[in-house]
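*Asks:* As a plain string of letters, each chain reads:
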Amino acid sequence: MNGRSAGLAAGLMVGLVAAVFLIKLANKDGRFRTEYDERQTTIRGKAYRYAFYTELLAQAVIMCLLMGGAELFVEAYGLVFIGIMLGCVVLAGYCIWKDVYWGLNNSKKRYHVIFIASIALNVLPVVMSAKEGSLFNEEGRIGMPILNICALVLIGFIYAELLIKGIMDKYAEDKE
Amino acid sequence: MKNLKLKSARAALDLSQEELAQKCGVSRQTISAIEKGDYNPTINLCIAICRILGKTLDELFWEDQ
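Chain order of the listed sequences is A and B. Here my numbering is used: position 137 in the first sequence is 137, and no number is missing along the way. To get my numbering, take the position in the second sequence, counting from 1, and add 1000.
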């Protein structure tokens, strides 16, 4: 394990701890566990299934690309991360469009703050890398900032879906 | 098939979907899905809804032929 991968592992651990803390903070009752009703639980089960299939497919495609020695614009670890992100997009997207975007004990306001803060926290390293000229490595591929770029695209995409669905629901609610 | 009986029983008590959902411990979207006929609730949720609206299972969930 070199210094860079050790740094990444440490970063992921810190991210995990921060995620636990944020989830507790985002729930109205201060509990780590988000509560869902019976319909939401069923839909989430389906969403996890589709996310799993997406992840499998993505990993198979990535494996083929790497084995075939394809010219890539990112490092191999970035490609794996893109696969994971695709699974997350399917999971979140399916839940959002099937009306399971808020748990029973979620605080919507706090989640909005977390989304915006997450976007800001991921924009910062990308902008810094671009300024320092370290966005691309010696081989001309996007290096470590690819993780932040992927996270940015993922969070931004999910947040946009959430906002659009929220507006659509508000309109439907008014009609009912 | 839309559950108009549930919708009218809720409206008779002047309850919004959100209020009924809170009393039943489910999301507003779940109540909306039941009323629209998009979701078949479990017997436990049917009973909870009936208790809150003061109706029987037959009155709210039995489909007339």
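Calculated directly from the structure, the hints in this document are not laboratory data. For every residue, glycine included, the Cβ atom is placed at its ideal position computed from N, Cα and C. Hints may contain errors.
Stated by the list, open to error - Output of the computed footprint for chain A on chain B, the stretches with three or more beta carbons under 8 Å from beta carbons of chain A: (1) 1034-1042; (2) 1047-1053.
Stated by the list, open to error - Facing chain B, a subset of chain A residues (Cβ under 8 Å, in silico): (3) Asp37; (4) Arg39; (5) Gln40; (6) Glu71; (7) Glu75; (8) Trp102.
*Asks:* Let me make sure I understand: some of the numbered hints might not hold for this structure. Which ones are they, in numerical order?
*Replies:* Hints 2, 6, 7 not satisfied by this model.
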